[in-house]
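Protein chains in written order, with the working numbering: chain P, 1 to 343; chain C, 344 to 596.
No wet-lab data here; the hints were simulated from the structure. Hints are supplied without guarantee of correctness; some may be wrong.
Short derived list, chain P residues pointing at chain C, Cβ under 10 Å [what the hints assert, rightly or not]:
| no. | residue |
| --- | --- |
| 1 | His163 |
| 2 | Arg228 |
| 3 | Trp330 |
Derived DEER-like restraints, expressed as beta-carbon distance ranges [as the list claims (entries may be wrong)]:
| no. | chain 1 | residue 1 | chain 2 | residue 2 | range |
| --- | --- | --- | --- | --- | --- |
| 4 | C | Glu414 | P | Ala120 | 26 to 34 Å |
| 5 | C | Thr426 | P | Pro84 | 38 to 46 Å |
| 6 | C | Thr426 | P | Val8 | 41 to 49 Å |
| 7 | C | Phe458 | P | Gly54 | 52 to 60 Å |
| 8 | C | Tyr560 | P | Pro67 | 27 to 35 Å |
| 9 | C | Asp493 | P | Asp304 | 41 to 49 Å |
| 10 | P | Ala13 | C | Asp493 | 44 to 52 Å |
| 11 | P | Thr10 | C | Ser506 | 27 to 35 Å |
Positions of the beta carbon are idealized from the N, C-alpha and C atoms, including for glycine.
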Amino acid sequence: MTLDARLVVTRTAFTLDIALQVAPGEVVALLGPNGAGKTTALRALAGLARMSGGEISLGGRPLHTLPAESRPIGMVFQDYLLFPHLSALDNVAFGPRCQGVPKAEARRTAAGLLDRVGLAGRAAAKPRQLSGGQAQRVALARALAVQPELLLLDEPLAALDAHTRLEIRSQLRRHLSDFDGATVLVTHDPLDAMVLADRLIVIEHGAIVQQGAPAEVARHPRTDYVARLVGLNLYRGVADGTQVKVGEVLLHTSAHLDGPAFVAFPPAAVALYRTRPDGSPRNLWQARIEGIERHGDNVRVHLDGPITAFADITPAALADLDLTPGQQIWASVKATETHAYPA
Amino acid sequence: MLVVPALAGLTFLVLPLAGLLIRAPWATLPQRLAEPHVLEALRLSLVTATVATALCLLLGVPLAWLLARAEFPGQRLVRALVTVPLVLPPVVGGVALLLVLGRRGLVGQWLEASFGITLPFTTAGVILAEAFVAMPFLVISVEGALRGADQRFEEAAATLGASRWTVFRRVTLPMVMPGVVAGAVLCWARALGEFGATITFAGNFPGTTRTMPLAVYLALETEPEAAIVLSLVLLAVSVVILASLRDRWVSAP
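For reference, chain P alone in the conformation it holds in the complex (with noise of 0.2 Å):
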C-alpha cells in the first residue's frame, strides 16, 4: 500500500504544504527544527488535524475523506499515552477489541505482540509501573496490533534517556523493517532518523527543503539547519571550475562544476595557524575567534571573518596555539577536504 499525500494545513501565521510518497515497507524520517510542521503533518495523516487542502491516498484509496477512528493507521505518540487504567495487555488489546474482535482473541493477539516486543512478562503490569523503554515498546506493540497499513511514530525516542534511547533505537530498528506497511516517523533528532529510516524527508517552515538517502543527505546538505545536523561547514556560492567564489572568499574545491553550487567541509578539516603559514595552502584565510567550546574529546572554535565556520582542534592544539575569543587567526581547509555539489 503506497502512501501518496498532499497535506496542507493553515493556522495563524502558519502553513504546512509538503507532498510526500512512502512505498509498502519503506520508512520515512521527517526531520526538522521545532516547530517546522512535522507533527502537524504526521496527525494530518491520521486524522488528528484538519487539513485545509490536499489529499491522501493509501493504495489508490482515499483518506483524507475518513475519520480518525475508520483509518487503516497505527501511531505510536510521543508521550506513548497508553490508558492509565488499563494493563500493558489490555492497552495492546484495545485496537483489535475496538476493531470487533472478541475478547479472548484480541488478549491472545496483544500476548503475541508484548512477546514479540520482548514484555511478556509485564502483560498485566499498570503503564506508570512501566519504565519509559516498556512504555515504548508496549505503545509500540498497541499500534501494531491494529494491524495498520500506515504507521506513524512521533518522536518515539524523544521520551527516553540516552542509554535507553540506543538499545531502544535498535530494537525499533527491527521492528520497523519486519513491518511491512509503510512508516511515516517524526524526529528532530539526526540520529534518530540516519538509524530508522530508508529517506529523509527536511522540513522547516512547513515546508520541504530536502529529501534523499540518509547518506545522501548527510554528504550533501542543502540548508545551514541540515548542514548543522549532520556536522559540516556549509557555503552557498557559485562555481567556476575547481572554484568556488562565497561572498569574497573563493573557495578551491577537487569537483568541476558551474553555476550555483554548495561546499562543504567537515570543522575537523579547518587548521588553524596564529601567523601566516609558508607554503601557503590554497584556502586560506584571516577569521576572528567567536567562540570555543568542548566538542566531544576535541574543542570547537566558532570562526567569523570572511566566511563563518567551526574548527575542531584538539585540546593540545588549543594550548600550543594559545587561543582566546576575539584574537585574530589564520584558517585553512585542503582542496581535498571539500565537498563541492550543485546547488
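Here the structure of chain P is known, so what remains is to put chain C in place on it, guided by the hints.
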C-alpha cells in the same frame, strides 16, 4: 486578632453537633432505631436518594460531557442554568416542579392525560425533587474532571479505531471516574438531606414520601428524642461520606 473569631467560628460549627451527641438518648437508642416508622423513613430515604443519584448519573454525566467537550452557542448560559438549583431555595424548586409536573402543570397535565402518570405526592416525586436539587453537584464535579482529563488519550483511542462512544465508555469515563464517584457521593448526600423541595412537591406521607429529614422535622414537634435519634443517623451518614472523600478534599488545590 484572628484567633478569637476563628475559635468562635469553630465552636459555632461544632457545638450544635456536640449538643446532638450529648442529648442523645443513648440508653434507648437501639429500640428507637428499630421502630417501624424510623426504619420506614430510613429505607425510603436510602432508596430515593440512591435512585435519584442513579438518575443524576444517567442525565448528569452526558450533560457534563456536553458542557466540557462540545462548543455551542449559549454554552455559558447553559452552564449558569445548570447551577441554578445550587443557589435556588429548595422550596422554590419544589414550587417550580409543582408548576411543571403537578397535576395541573405544563407537563404533568399531559403526562396524566396520555399515560396516567401522576408525579406529585408520590415516591417518584420525591426522587424527582431530590434529583433536581442534587444534580448540579454531580454535573459540576464531572465537568471539572472532564476538563482536567488529557484529551490526547481520546485521540490515541481514535487512532486505534475507537468510535466516539467507545472512546467515551472505555477511555474518557474510566479516566474521570474519581470525579464521577466524588460527584455521585456528594449528589447522594445532598439528595439524602433534601427537605424543602421534597415537602413542597411530594408532600409528607408516611411510607411513600416521608423521608428522614421530613421525619426529623415532624418528630421534633411530638417526640423530640426521636428527632434526635433520626438526626444522629443522618449525622453518621454525613461523617462517613466526609471521611470517604477527605483525601480528595484535602488534596484539592
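Going down the list of hints, with the structure as the test:
Contact between His163(P) and chain C, as hinted, is not supported at the beta carbon level, the nearest pair being about 27 Å apart and thus beyond 10 Å. Because the closest C-beta pair between Arg228(P) and chain C is about 31 Å apart, greater than 10 Å, the hint is violated. A least Cβ separation of about 55 Å between Trp330(P) and chain C goes past the 10 Å threshold, and the interface hint is therefore violated. The beta-carbon spacing between Glu414(C) and Ala120(P), approximately 44 Å, falls outside the hinted interval of 26 to 34 Å.
Look at Thr426(C) against Pro84(P): about 30 Å separates their beta carbons, and that is not inside 38 to 46 Å. Distance hint check: the CB atoms of Thr426(C) and Val8(P) are about 43 Å apart, consistent with the given range 41 to 49 Å. Here the CB-CB span from Phe458(C) to Gly54(P) is close to 55 Å, well matched to the stated 52 to 60 Å. The supplied range of 27 to 35 Å is broken by Tyr560(C) and Pro67(P), whose beta-carbon atoms lie about 56 Å from each other.
Here the CB-CB span from Asp493(C) to Asp304(P) is close to 46 Å, well matched to the stated 41 to 49 Å. Judged by the Cβ atoms, the range 44 to 52 Å given for Ala13(P) and Asp493(C) is violated: they are separated by roughly 26 Å. In this structure the supplied range 27 to 35 Å holds for Thr10(P) paired with Ser506(C), their Cβ-Cβ distance being about 28 Å.
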